[in-house]
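There are 2 protein chains.
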Amino acid sequence: MSFYAAPIARLIEEFEKLPGIGHKTAQRLAFHVLDMPQEKVDKLANAISEAKQKTKFCSVCGNLTDSDVCSLCNSEKRDSSVICVVEDARDVVAMEKIREFKGLYHVLHGAISPMQGIGPEDIKIKELLARIRDGNISEVIIATNPNIEGEATAMYISKLVKPLGIKTTRIAHGIPVGGDLEYADEVTLAKALEGRREI
Amino acid sequence: MSFYAAPIARLIEEFEKLPGIGHKTAQRLAFHVLDMPQEKVDKLANAISEAKQKTKFCSVCGNLTDSDVCSLCNSEKRDSSVICVVEDARDVVAMEKIREFKGLYHVLHGAISPMQGIGPEDIKIKELLARIRDGNISEVIIATNPNIEGEATAMYISKLVKPLGIKTTRIAHGIPVGGDLEYADEVTLAKALEGRREI
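Chains as they are written, first to last, in UniProt numbering: chain A, 1 to 199; chain B, 1 to 199.
By construction, these hints were calculated from the structure, which means they are not laboratory data.
Incorrect hints may have been included.
Where chains are identical, the list cannot tell them apart; a pair therefore holds if satisfied intra-copy or between any two copies.
[To be verified] Keeping only pairs whose Cα atoms sit at most 30 Å apart, straight-line, the calculated DSS-like set for lysine-lysine is:
#1 K17 <-> K77
#2 K124 <-> K40
#3 K24 <-> K77
#4 K24 <-> K191
#5 K17 <-> K159
#6 K24 <-> K56
#7 K40 <-> K159
Given the structure is predicted, the values throughout are model-derived calculations rather than measurements.
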């Protein structure tokens, strides 16, 4: 027998399914919901179902959007000749937050990973090549994650894009700003040395 | 300008309002929701609004329930001559988990706190006295929290209940099991000494 009335037990169970939310936190959240006024509870519940219903992938770049083409692809202020290739829609947000990049994005929705059975045809590489062929692209910046899958994907894409005569770059790997040389792992340090620039 | 499409930004905002959920966690939860199948998202959203809609307070003891009288008050296996007085419905769950107590509960929905302007008439003490007068009660166990408000409430209730000729007890304060004498605060240690029992 559960110690809670059925609707509360169900809510705790649902909260527990979310990442990083254990049983105690789920209980705390559930009781918080019970303490909230009905109107705020409905707002939360609506936000959850609407976020899923109203969000789709931009038909151009694959970013998350609530319209057919995302606000970045639609913007006239963006430089449409530069495409930054990322693995995930979250990475678009990370890039946008630095407020430095003014080009467009291409979201791959994954990275090549033979271990997990994800090949080049499973991620949006075809779509990227189509965009490059159709548009007037001057540079493709590959900003996949600096791990084995991300590097493999970056290599694969560069081998396809470079022959088209388009500048293909990879974001720099090195010591993070504020990081400590002493604690940097060897691969990162080696990459930092390799990528050194004249000052 | 938000970096997220409107429905996502709204969801992140709603998640951030929950206790213990910061901006980063709210983002992670929101993206998790977007990755979930629609049917599971709806289940979560429904659980949230239904928990609030369908839950009410038991008309007898004030515990959270989805029926008029809670399953504890309704149960024929419980000893209706003993009432355990707690501050909150969460405390009922904590007590039930030990599987030792077989009586009924009375939820006060708060504790007397002059600092916060909560007087005896603001919590369900009247209802407790009515239950005691109507029923055949042999013992009232006061299990309010061991802080100033809880102690004041316990004292107040015992002064009202004792003159009715009913055994009134307070749960023991002392060193928690598995605790360390060295690190116990003085008040707890003093209470533990005061409450010593012959072995």
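Checklist line | Hints breached by this structure | finding: Violated hints (numbers, rising): 1, 5, 7; every other hint is consistent with the structure.
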